[in-house]
Amino acid sequence: MTNTSTGMRRQLGGKWRTLRPGDALRLAAILALVLIMGFPVFMTFATGFFPNGELVRSGLTPSLDRLTLDNFAEALRSIPLVQQLGVSVVVVVVQSLAQLLTSALAAYALVFPSWRGRGIAFAVIVATMAVPGESLVIPNYELVSSLGLRDTVLGIVVPFLAIGYPIFLLRQAFRSVDRELWEAARLDGCGDLRSLFLVILPTCRNEVTTAALWSALAAWNGFFWPLLITDSPQNRTLQVGLSQLVSGESTSPSVIFAGTALVLIPTVVLVMVSQRLIISGMARGVLK
Amino acid sequence: MAHDLLGTASRRVHRAGLGPWLALPAVVLLAVFVYRPLFRGVELSLYGSDLIGNPSRFVGFDNYIDFFSNGDFQRTLWVSLLIAVLAMVISVAVALAGALLLRRWIPGRGLFQIVLSLPFAYSAAAASAVFFGLFAPSIGAINLLLARMGVDGPAWLQEPGWAVFSIAISTAWYETGFAFLVLLAATRAIPEDVLEAAELDGAHGFRMAASMLIPLMRPSIFFLIVTQTIGGLQTFTQVYVLTRGGPGTSTTTLVYELYQLAFGNGTPDFGRASVIGTFLVLLVAGVTALQFILNRRKEF
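Residue numbers (numbering that gives the first Met the number 0), protein chains in the order written: chain A, 0 to 287; chain P, 0 to 299.
Among these hints, one or two may not hold up.
Pairwise CB distance ranges (calculated) [said to hold, decoys possible]:
#, chain 1, residue 1, chain 2, residue 2, range
1, A, T60, P, L289, 49 to 57 Å
2, A, A31, P, V84, 18 to 26 Å
3, P, L293, A, E141, 36 to 44 Å
4, A, W114, P, F67, 42 to 50 Å
5, A, A129, P, G247, 30 to 38 Å
6, A, W114, P, N264, 27 to 35 Å
7, P, G247, A, G118, 46 to 54 Å
8, A, A129, P, W77, 22 to 30 Å
9, A, A23, P, G247, 42 to 50 Å
10, A, R178, P, S55, 53 to 61 Å
11, A, T67, P, I105, 35 to 43 Å
12, P, R206, A, R178, 44 to 52 Å
Quick caveat, the hints were computed from the structure, so don't treat them as lab data. C-beta: ideal position from N, C-alpha, C; glycine also.
Using the sequences and the accompanying hints, generate a full structural model.
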C-alpha cells in the first residue's frame, strides 16, 4: 500500500512532497526523538527565567508573572562573564586566524611546488592528527610556564597556532584545484604568496570556510588546556568560567542554567543560522 | 619554437623558490608543541617527584610498574572504555534514527532538523553544566518528571553505578548533535535514482533502511564510531564538571587521573601522570591503526 496515489500530495516550493500511510508512524517516532533530545535545550533556555525550582515544580507550565532576570544577574555577579567573553573572543580570533594562515601556507607548499621531502613533511604533519592532545599537556605546561606565559591569554593559544586537521583539510581542497590555474598565475608573474592569496584561496573558499569554522569552534570549546594554564578568573575562557560557576558551593541550579544559556548564545545562533553550510561542510570534511 | 617557449615557461613554474619554505611555520610549531612534548612525556614518565613536586629522581620503569600493577590502570581504563563505548553507541544509534526518519519530507522537517542538531552548539562544559542541573537529586527536572510517572529516580551523580552511566548519557547527548549532522549529510549524498530503483522494487521503511541506506552510509557511520570512541577515551570535561571523579573513584577516567596526579591538590607527580599520557598515545595510535586496517580490508 505504498503506491503514491494512495498517499497525500501537496506542492510546496515548486516541489512535490509526498506523504504515505506509514508516515504517521514516522512522525510519531521523530516527535518522540525530538522531544527527548530537545528537552535539555528547552531547559537550558527556560529555567533561568524563573525562580529556582519553579519551572520543574510547576510541571513545566509556570505562571508567566513569575518571570525574572535575577538568575542572569546572579550569574554575572558570580563569575566575570563579560571579561571571560573577551578572553574567549581573543582566543577564537587569534587561534583560528593563526591556524588558517599556517594551514594555508603549509597546504600550498605541500601541493603546488615539487620538492624533495614533500612526502615526509606531509606524513610528519598528518601523524600529529593521531596524537591525543591530553597526553601533551604536562610537557607543554612546563614549556609555556618557563616562557612566563602561564595565566595569560597568549599562553592559552600558543600551543595551537598550527594544527594538523585544517592543514589536511586545505591540502585536500588545494589538490582538487586545476593545476593549470596555478601555472597560469605563475606565468602571469605571481609569486607564491600572491598565487596562494589571490588565486588558490578564493577558488577554495568553501573549504576555507569549513576549516575556519572548525578552528573557531575548537578554540571556543577548548577546555582542558585553558583550565590548566590559567588561574585568575579574569584570564579564563567562558567555558572554564562556566565550570567554576557549576562548582561554586552556593550556586543554585537556576543560576547555572542562566549562565550556561548566556555562554551558548553564539554557537546556538551559529547552528541555527548556518545549518546548511555546516551540513555541506560535514559532507566535504568527512566524506572527502 | 613553441616547444622552446613551453620549456622555459614550465622550468620557470617548477623552480621551487620560496614555495617549500611556506610549510616551515606549521612544521616548526608542530615540532615544538606536538613532537617535543611527545618525547618529553616519555622522558618524564621515568622520573619521580621530590618533596616539592619537581620531577628530579630517575626511577626507571617504577612508575609504569606501579601504574599497571596497583589496580589504578584497570580501574581508570575500564571507566574510560565504559563511558566511550556507551556514549558512542547511544549517540550513533539516536543520530542514525533521526537522520533516517528525516530523509524524506515530513511536516516540520526543518524544525526537527534544527532541534536534533542543536546539541552540536553545546561544548562539553556547557552540556555538563546543563546535565548537572537536570540530574540534581531534589529539584532536578529528570527526577521530578520521573516522580510524576510514579518512578523514584536514583541519585544520578551520587551513586557509583549511576554516576558513570550519567556521564555517558550527558556525553552521548551532546555528541548526538555532531553525529546527526554527519549522518544527515550522508543521507543527502545518496543518489536519488538508486533509492527510486529500490522503491520500485518494493523496498520501504525498515527494509529500505537496512538493505540500502545503512550500507550506503557505512563510511560515515564507521567514521563516527572511530572518532567518538577515540574522543570518549579522552573524557575529562564531563567528569570535571559533573563528579570530579567521584563518588570515590567510580568516575575517574584516564585523563582525569592524569589531571589529578599532575595538577590536583596533592604534590605534583608529573612522572606518574606521564605514564598515563604515554599509555594514551599508544592506545589512540592502536585504535587509529585498527581503523586503517579495517578500512583497507573493506576497500579491496
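Hints versus structure:
For the pair A:T60 and P:L289, the beta carbons lie near 50 Å from each other, so the given range of 49 to 57 Å is met. Take A:A31 and P:V84: their Cβ atoms lie about 25 Å apart, and the range 18 to 26 Å holds. Checked against the given bound of 36 to 44 Å, the beta carbons of P:L293 and A:E141, roughly 37 Å apart, stay inside it. Roughly 45 Å separates the CB atoms of A:W114 and P:F67, a value that falls within the hinted 42 to 50 Å.
Judged by the Cβ atoms, the range 30 to 38 Å given for A:A129 and P:G247 holds: they are separated by roughly 33 Å. Look at A:W114 against P:N264: about 52 Å separates their beta carbons, and that is not inside 27 to 35 Å. Evaluation of the 46 to 54 Å hint for P:G247 and A:G118 yields a pass: the beta carbon distance comes to about 50 Å. Distance hint check: the CB atoms of A:A129 and P:W77 are about 23 Å apart, consistent with the given range 22 to 30 Å.
With their beta carbons about 49 Å apart, A:A23 and P:G247 fall inside the hinted range of 42 to 50 Å. Remark: the range hint 53 to 61 Å for A:R178 to P:S55 is upheld by a beta-carbon distance near 55 Å. In this structure the supplied range 35 to 43 Å holds for A:T67 paired with P:I105, their Cβ-Cβ distance being about 38 Å. For P:R206 and A:R178, the hinted distance range of 44 to 52 Å is satisfied, since their beta carbons lie about 46 Å from each other.
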